[in-house]
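Chain by chain, the residues run as shown.
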Amino acid sequence: MPTWAGGLRMNDPILFLENVHTHIGQHHILQGVSLGVTPGGATILLGRNGAGKSTTLKTIMGLHPPSSGRICFLGKDIHTTKTHKIARLGMGFVPEDKAVLFNLTVEENFRLSMIEENEKIHKNLEEVLLLFPALKTFWKRKAGLLSGGQRQMLAIARVFVCDHALLLIDEPSKGLAPIVVNQLGEALVRIKDKTKVILVEQNFNLACQVGADCFILDDGRVVFHGLIRDLAKDRAMMKNYLGI
Amino acid sequence: MTSQAIDLKTNRFKTNRVKTGINWLMGIGLFMLPLIWIDPITYLTLTVAGLSLGMLIFLIASGLTLIFGLMDVLNLAHAAFFTFGAYTGYSVLNLIASFGWIETASLGGSAFFLMVALGTAGCVGAILGIITERLVIQRVYGDHLMQLLVTVGVSFVMVEILKIIWGVNDEVVPVPLAFQDSFIIYGVFVEYFRVVAILLGVCVFAGLQFVLKKTKIGIIVRAGVENREIVETTGYNINRIFTLVFAAGAALAAVGGTMMAVFNQAVNPGMGDQFLIFALIVVIIGGMGSVTGSFIGAIIVGLSFNYIAYLVPKMALGVNFMIMAIILLIRPKGLFGKE
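Protein chains in written order, with the working numbering: chain A, 790 to 1033; chain B, 30 to 368.
Quick caveat, the hints were computed from the structure, so don't treat them as lab data.
Hints may be right or wrong, so weigh each one.
[Unchecked claim] Subject to a maximum C-alpha distance of 25 Å in a straight line, what follows is the list of computed DSS-like cross-link-like pairs (lysine-lysine):
#: 1; chain 1: A; residue 1: K874; chain 2: A; residue 2: K925
#: 2; chain 1: B; residue 1: K243; chain 2: A; residue 2: K909
#: 3; chain 1: A; residue 1: K887; chain 2: B; residue 2: K343
#: 4; chain 1: B; residue 1: K245; chain 2: A; residue 2: K925
Because the structure is a prediction, the values reported are computed rather than measured.
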């Protein structure tokens, strides 16, 4: 039973953003984003390039502190909390680029993410390596020498090994071959059964495979919230906001 | 991965190994080149002297490479940490001498007193490093020009404080008696202190390599150097880690200062600047952020200085600049520098 479950009812959001504005330099990226994610499964953030999806994840994670608005995670306000403290509350983050440390081995990448190396975490590691068997093969190899797909698997696996309440994953399929994207999709489906995932993804098929609930962002605002299967039926919305 | 790709990788691996082997052979050849002009006994004596000088420079350079190479901070206050360490060591040894203990002939006793002086200097260096990093450096991360300006300022302030505490004159450092002695092995004249300097340098190198490569804190430091964001989002306070690295670098500079003070048997407020230049050359030759590079670079600088000082004394200082220029032309990132 995940430790975060205590005290929260199943329909309470584990994360919500309330009218969040984020500025990066002079650019006003998020313009009043409000969204909430409930426990279980995966929530997808969709939108065109430059819509503010990655910025939303980074704002939640504290990498781009919001200029106004409120972010609440597991009942705690985190919009002024430092990134490393947010991570310790139970949030994991897989960034879009450079999600692994190239100069560290696969083993060292895992060891870095295991803040407490106890029996439970080691058991998690064994389960994760069953999910991503290729990583065990390259255990002593530097992450920079892995293929793109293997690096992406490592990026997700090293975050998943800890008991996070929420995983933020930013465009994991970017630049990957279709067969690798399929493998990634299968892994994400199994991950979302164990921990809540917010997934930013441009690959609509992967998004449909992994998630049920979705938000569309456009120009820093939420323009749609609903089930992804309902979105798939709305051709006009798909064309206007996703370009497909 | 296809078999063709595996073959290509294997071939590249073998080629790299051959190249590394050739490089090492060339290095050893250059190392033995002075034998053409110097007799073997003198060569060995100069080699021991050069290695000990190299290890003393490595102590300063290792701190600099940690701070510049790992944290990307241009710290010109490093010389001040070195000088403060030298004066701290001088004060501790003076205190020990006031009890009459410095004149023990026992090698173990002398080593113990030296360790006390080094430990105290290291602690002082670390404290100064923490204060400097928290008050000054944290505000100028990412801005090399500001780092240069503020650290030069910090250096001036620290040296002036030092002059207030210890005065402006050169001071004689009491050296533990056993270290003033020497022994002869196969005709080679070796001072005990030089052996201590070599052993200390090797131990610091081994210790740094162990910490950086085998411990969790080493993994965190190496990770933080490569990607701060991943370290922060994993749950580590990157600011605290960088403070720790800065403190370690300052402590190493201070330890180097004490060793140099004992080596020269004197301290003066300007000694840091003289050795900072050597340390910078070592870091550039070895490659930024590479402790192994600093170690090899320090050996190169120490040996070349001693050989050339014997053969052509006027070129002793200049030869290291020449070596640095040649290495930068052939390999701009240094011998072991990363891209």
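For the pair supplied as a hint, K245/B and K925/A, is the alpha-carbon distance within the 25 Å limit?
20 Å, holds
Restraint status (C-alpha distance of K243/B to K909/A at most 25 Å)
22 Å, holds
Given the proposed pairing of K874/A with K925/A, does the C-alpha separation stay at or below 25 Å?
30 Å, violated
Would you check the hint for K887/A and K343/B, treating anything up to 25 Å between C-alpha atoms as holding?
Not OK: K887/A and K343/B at ~50 Å, beyond 25 Å, violated.
In terms of the numbered hints stated before, the structure departs from hints 1 and 3, listed from lowest to highest.
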